[in-house]
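J.: Spelled out, the chains give:
4 protein chains.
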Amino acid sequence: MQKRKLRFGMVGGGQGAFIGPVHRMAAELDGHAELVCGAFASDPQRSQSSGQDIYRLPAQRCYPGYEVMFKQEQALPADERMDFVVIVTPNHLHVPVAQAALQAGFHVVCDKPLAMHVDEALQLAELLQASELRFALTHNYTGYPMIREARDLVASGALGAIRRVSCSYLQGWLAQEAADSKQAQWRTDPARAGSAGCFGDIGSHAENLLSFVSGLAIEAVCADLSTFVPGRALDDDGNVLLRLSNGARGTISASQIAVGKENDLTLQLYGERGGLEWRQSDANSLIVRWPDKPYEVRRSGWPGTGERSQAATRIPAGHPEGYIEAFAQIYRDFCLHLHGLPHGEYPSIEAGLRGNRFIEAVVQSSAQDCAWVKLDVN
Amino acid sequence: MQKRKLRFGMVGGGQGAFIGPVHRMAAELDGHAELVCGAFASDPQRSQSSGQDIYRLPAQRCYPGYEVMFKQEQALPADERMDFVVIVTPNHLHVPVAQAALQAGFHVVCDKPLAMHVDEALQLAELLQASELRFALTHNYTGYPMIREARDLVASGALGAIRRVSCSYLQGWLAQEAADSKQAQWRTDPARAGSAGCFGDIGSHAENLLSFVSGLAIEAVCADLSTFVPGRALDDDGNVLLRLSNGARGTISASQIAVGKENDLTLQLYGERGGLEWRQSDANSLIVRWPDKPYEVRRSGWPGTGERSQAATRIPAGHPEGYIEAFAQIYRDFCLHLHGLPHGEYPSIEAGLRGNRFIEAVVQSSAQDCAWVKLDVN
Amino acid sequence: MQKRKLRFGMVGGGQGAFIGPVHRMAAELDGHAELVCGAFASDPQRSQSSGQDIYRLPAQRCYPGYEVMFKQEQALPADERMDFVVIVTPNHLHVPVAQAALQAGFHVVCDKPLAMHVDEALQLAELLQASELRFALTHNYTGYPMIREARDLVASGALGAIRRVSCSYLQGWLAQEAADSKQAQWRTDPARAGSAGCFGDIGSHAENLLSFVSGLAIEAVCADLSTFVPGRALDDDGNVLLRLSNGARGTISASQIAVGKENDLTLQLYGERGGLEWRQSDANSLIVRWPDKPYEVRRSGWPGTGERSQAATRIPAGHPEGYIEAFAQIYRDFCLHLHGLPHGEYPSIEAGLRGNRFIEAVVQSSAQDCAWVKLDVN
Amino acid sequence: MQKRKLRFGMVGGGQGAFIGPVHRMAAELDGHAELVCGAFASDPQRSQSSGQDIYRLPAQRCYPGYEVMFKQEQALPADERMDFVVIVTPNHLHVPVAQAALQAGFHVVCDKPLAMHVDEALQLAELLQASELRFALTHNYTGYPMIREARDLVASGALGAIRRVSCSYLQGWLAQEAADSKQAQWRTDPARAGSAGCFGDIGSHAENLLSFVSGLAIEAVCADLSTFVPGRALDDDGNVLLRLSNGARGTISASQIAVGKENDLTLQLYGERGGLEWRQSDANSLIVRWPDKPYEVRRSGWPGTGERSQAATRIPAGHPEGYIEAFAQIYRDFCLHLHGLPHGEYPSIEAGLRGNRFIEAVVQSSAQDCAWVKLDVN
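In order, the protein sequence lines correspond to chains A, B, C and D.
Count the first sequence with this note's numbering and you get residues 452 to 829, in order.
Count the second sequence with this note's numbering and you get residues 452 to 829, in order.
Count the third sequence with this note's numbering and you get residues 452 to 829, in order.
Count the fourth sequence with this note's numbering and you get residues 452 to 829, in order.
It is possible that some hints are incorrect.
To be verified - Here are the computed lysine to any residue pairs in the SDA-like style, where the Cα-Cα straight-line distance is at most 25 Å: (1) B:Lys744 x C:Lys633; (2) D:Lys633 x C:Asp743; (3) B:Lys456 x B:Ser607.
What the hints assert, rightly or not - Chain B residues, not near chain C, derived (Cβ > 12 Å throughout): (4) Glu485; (5) Ser582; (6) Glu723.
Hints in this document: simulated from the structure, not taken from any laboratory.
Where is the CB? At the ideal position from N, CA and C, for every residue including glycine.
One chain only, chain A, in its complex shape (with noise of 0.2 Å):
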C-alpha cells in the first residue's frame, strides 16, 4: 500500500534559476511528493510571480520570504502543512536557511555544497544531531544506478583494494566572462559561492561522487587552481593530488572553462583484481574490466546487475534513463525514509561536511603553492 503523498515548499528557485525546476521534476517524478509552496526570491513580487507563474502554485503559498514560509506553514492543519523544504539559493543561504527550517521543525533537502566553510557546515551538523529530522545533500549524481552498482561492486571486493582513483568534471560555460548569467554572477562571487568557485560547485560533485563509490576517504590533497578569466574573483579550474585512505592515490580534476565541454563527468577506479570506468554521456553503462577476460558493459535494468541498482530503475534496460530520473532517486529514497520506508543510501549531511572539508583543504592547498594538506577524516 502506498503512503500518502509528501508536500514540500522550496526556497530558492525563482525565475532565471534552473535548478529550481529540476528539483521539482525530480521530487515530483516518482508521485512520493508535490511542491505546496515556495519562498522563491528575495524579492517578494519576483517570489508572487515565480511561484505562480513557473510552479502554478495558489498566491497564498508564495511567501516573500523563507522565515515567513516556516511560520505560516507551521500554523497549517497537519494534513496541508508542508513535511520537508528543498533548499536552492545560492551557497551562502544554505546553512541560515537550514537552521531555520530544522527549528521550525521541517525536514531538509539542500542543494550542495552544504556550507560555506566548514565552521558553519559543523554547526547545522550539531543542530540536526540534536533533532529528530532527516536532512539530504543533492549530490545527484549518486542517484544514477550504474553508481549504486558500482559502489556495491566494489564493496563486495571483487576488484581487490582500490589503488588507483580519478574523477573528472569538465564543463566549458565559463569559459569567457558570462555577465548576464545569473547563474555565473552568483556562482563567481566569494559572498555568495564561498571560497571556491569552480571547486565549490562541481569539484564538489566530483569529491563525492569519487568518494560514495570507492568508499575511501581522502587523507591529503596537494591541489593547483587556476583562474583564467581575467577578473574572476574565484578559480574556474583545477588539478588536485589525492592520498586517500588504504594508500590509494588518485585525482580529482574539475574545470569551467573546457571550451566545448557539456557535462562531462568521469569516474574511473583500479584494484588490485579489476577495474570500473563510468561517464555520465552514458549513464546507463557500467565498464567493468579485468585481467583475464573480455571487459563487461552493465546496463541499468539488465541481468547482472545488482539488486540497489536494479531498484533505482524505472523503465526496460535499453530506454534511456537521465540526469532527472537519477536526481529523483535522491528523491525516492529521501521520502521512503521520511516514511520509514526501506530505501537507498543518499548523500547525508555527513557528505556535505567531508565536501567542505575538502573544498577548503583545495583551496589551502593551492594557496600554499601546493602544499599536501591533511583532511579532518572523523
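Position chains B, C and D against the provided structure of chain A, taking the given hints into account.
T.: Relative to the frame of chain A, chains B, C and D by itself:
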C-alpha cells in the same frame, strides 16, 4: 502566465503493466497535467487496488470500467472533471475506448498502434473529425529533441532530396517463450494485439519514426516476417524493403528475438548532399555527415541546434535526457495545444492510420511471399 | 626456423590504382613475401614507370603484359622466379589472368569478385582443381582477428542456432558522378565491372563476411537494387532479404551513395542464446550479447579470445591494428599454406564462386521486381 | 621518381622482444627501407638465431655485438652497407649504442626514452650536433594522422591560447609481479630502465604527445609517483601537475597497474576558443569542440583535414589505420629526410632531451613530496 494544470484519467495501466506508470510520469513531468482518475483494469477490484496503490488516487476515482468513468466524470463539476483520457490498454481496446471517450466529450491520448486494422482506424478518424476534440498517439520517440532536430534538418533541404532511409528496432526479450509475462502474453495474442506481433508493437514505431523524420510517404512494401519461437501465433521478427514517395528506397527491420538487445532503435537517412544517423542508446546526439567536411554531432540543448529541438529540452546540454523526457514531450505539446498555446508537433490520428496501413501491408506482403504491396496514401 | 621469403608478381596496380600498394604492403608486412615483378598496366610504358616509381623494381622485371611476365618468369632460375601472382586488375581480367597464371604454374592471389559471371568462375575452379596450385581471394575483411573470433564463437555453438543475420556496407564516394576518378570509372562500367556495380564491389564483401562468420549458406535472395546517380549503368545502392540454410533470415545492404559514410561495414548475428556485433570502425572489438548477463567486449589480443584470433594479431592489445593488418592476414595464411605450415583459413575459390552466385541472384531478383531467386548451393 | 630503398641494421630486438618486429614492420611498410643486418642480442648465439629465425637474414649479417656490426658494415661496399641503425635495446644501452653508431658514421633511429639521465642525453646531443648525421626518436604516437592534425589545429590558433591540457596513458599489464616476462624485468630494473619505471616507459610518451600537440613547454612539475606492487624498485603509477609556458596548466597521468586497461592513451586540450580530444582506441578520429556550434569529428583521410595529416594516411578514410601505420610514419619521414625530400616532422633528439628532463624532474618532485620542480627549458 501559466495555464492551469490539466486533469486526466487513465484506461489500463493496472498492476503488471509497465507502460501505465511511464505515461503517468511523462504526463506529469512538466507540470502541465495530473492524473485524477482511472479505470486501470478490467477487473473492478484490481482497478481499485491499482489506482490506490500505484497511483495514490482516492477510491472514488478508481472506476470499475471506462464507460462508468466517462459517465461519472461527465457528471463532475468542470473544475474537477478530467480533461482528457489516456488509453494504455492492449491494442484491441484502443478504438472502443477512444470512441467512447470522444462521444463523452473527452480529448484522447492513445497508445500505439492506433487500431486492430485500417477500417477500425478510419472509423475513429471520422468520429474525431466530426468532433472538436484533440487526439494524440504516443509514438513517443518523436519527442526526442534530436529526432525533431533531424526532421527539421531534412525539411530544410540541407541534405538534398532523400535517397536512402533505414530504421531498425531490435529487442531480445521474446527470444524464448515468455509464458509468465503479462506483457508478452497479450502482445503475442492475435485477439488482443492484432494481425502483427513484433511489427504491430515496434515495427510500427520504426515506421513512424522514419516517416516523421523523412517527411516521405511509404508507397509500397516487400516484407518478410518470421516467427522463430515455436507455438507463437504472430511474427517476432521481420525485414521490409521500402519504396517511398520521391523515389527513395530503404528498409525497416524489427525483431524481438535479437538476443541481448535492449531497445536498439536506430535511424539513418542519406540525401543527395548529406546524411544523418541517430540511435536511442545515445539519444542526445545526432550525427550529421557531409561529403566535403568532418561530420558533426549535434547535441540536445547545445548551440547549433534548431529552435524546435531546443524547445524540447529541459536541462543544460550534457545532462542526459532520456525516454521519459521524450515521452513527456508528447504530453507537453498536447497540453499546450489544448490550452491553445504554441506547441510542437505530436503524432496525430493520421500517423496512426498510416501505421495501421503499414502493418496491414507488411502482413499481406509477407503472406504473399514478399510480393510488393502498395499502401493507400491519401 | 623461418622459411624463405616467397616472391610474387603483380598484375594491375599501376599509377592511379589504390589497391595495388595496399596488396604490396599487406603481402610484405609479415616478412613472408616480397614483390619482385609486375605487369602493372595495359600500357607497357605505364607498366614500366609504375613498377619503377611506385614499387622500386628493376626495369627488367616490369613487364609490358601478363603473358610476357608469366613466360619470362618461368624462364628464370628457381631461386629468382616469382612464386605467385597477385591479380588486382578490374574485374573482367581476373579470370583470364588467373587462367594464364595457373597454366604457367603460378599460384594465384586474386582480388574480388572472382569473375564476371558464374560460368567464368566455374571454368576457373575446374582449372584450379586440375592443378596442384593454390588460390586465395582477397576478401580481406575475414582477416580481422575479431571476425575470426566471431566465426569461432558461432561455430562453437555458444550462441545457439543462428536465427537473424545482417550485414551492411555503406560508402558515399559515388554519391555524385565521379567522372575524373579512374576507380569510379571502371567500377561503374558493365564491361569491366560485370553485371553489378555496388553489389559486385562491396555487396560481395558483405555476402562473404556474413557467410564466413555465420557458416550458413544463403539459399535465396529478394533484392531491390537502385541506381540513384543519373546516367550510371549499374546499381549504386541496394537492399536484399535473405533466406539461409537452417531457417535463418536476414538482410544485406550496400550503398555507394550513403553520403558522408566512409567504409561503414557492420555485421550482426543473433542466435537462440546469444548475439554478436562487429563494426569496421571499431575493428578490434567484438560485442557479444547474452540474455542473462552484461554484454562483453572481446578485444583483439586480449585474454578471453580464442587461439585463432590471437594468431591473427601482431601487437599487444590496445595498440590498434587496422585494415592493412587484416589484409596482411590473408597473405600470411596463404604463404604459410604454400610453405606447408599450419595456417588460418583464407578465402578460397569456393568463396568466390559463392560470391558470383550471390551477385547473379541479386541482379536477377531485382530485375524481376524482387522475386525470390534461389542460389545454387553445392 | 622513387629513391632507392635505404638499408638498416637493428641493435636489440632478439627473441622475446616485442618491439623489434614492430620496428621492422614499421620501417618497411612504405617500402622506403629494409632490414639488412643486426646485433639482436647480447648473446652472440641468440643474436644469430634471432636474425635468421625472426628476420630471415643471412648468417653473415647477424652480428655478435653492435661494435662488430658497425665495424664490419663500414667495411662493406657503399651499395650494400647499412644506412642507419635502429636501437631497440633496454634504455641503458640507447646512448652507448647511439654514440658508437654516430662515430661509425651511421644515422640513428632510437627507441625512447633517449637516455638514462639528462647528462647522458646532453652528451649524445653534442656528438650528434658535431656530426652531419640524422637522428630520430620513436615517439611513435606522433605519427598518427589525427595527432598531426591536432598539432596543426593548435598551431593555427583556431583554438585560441591553450589554457588546459591533459594526457593520460593507462595500462594494466604490470598490476601484478610479472616475474616471467622479459619485458617486465628490464622495465622494472633501475639498472636497465633508469630512474623511472612507468614514467620512463609511458609517462615519457604522454609528455611527448602533449608537448608535440600543444607546442608548449612544460616549465614545472609537481609529481606523485607510486609503487603499488610490493618489491618493485620503480614507480608503476603516477600523477603529475603541470605548469606550462604561456600560463597553461594541466596534468599527466600514467599507470601500469590500471587493471584491465590495454594501452589507453588519451589527450585533451582546451584553448580560449575551442578544444580537442583524441584517444588511441579511436585513433582515426579527432574530436574538435566549439562553444557555439556542434562538435566536429575529423577523420583520417577525410575532407576537412589538413595537408600534413592527409600525407600521413595511406588508405581511404574508414579503412582504419593503426599503431603500425603510425609507427611507420616516423620511419617514412626519417627516410624522406635522409633522401633530402620533403617530409613530415619526426621526434628529434631535442624531444628526447626534453623527455629526460621531464623524467628527472618528475622523479625529483615525487622524492620531495610533490614540491614543484622546474625544468630547464632551453
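J.: Hint by hint, say whether it matches the structure.
T.: Each hint tested on the structure:
no.	hint	result
1	B:Lys744 x C:Lys633	holds, 23 Å
2	D:Lys633 x C:Asp743	violated, 41 Å
3	B:Lys456 x B:Ser607	violated, 35 Å
4	Glu485	holds, 38 Å
5	Ser582	holds, 42 Å
6	Glu723	violated, 7 Å
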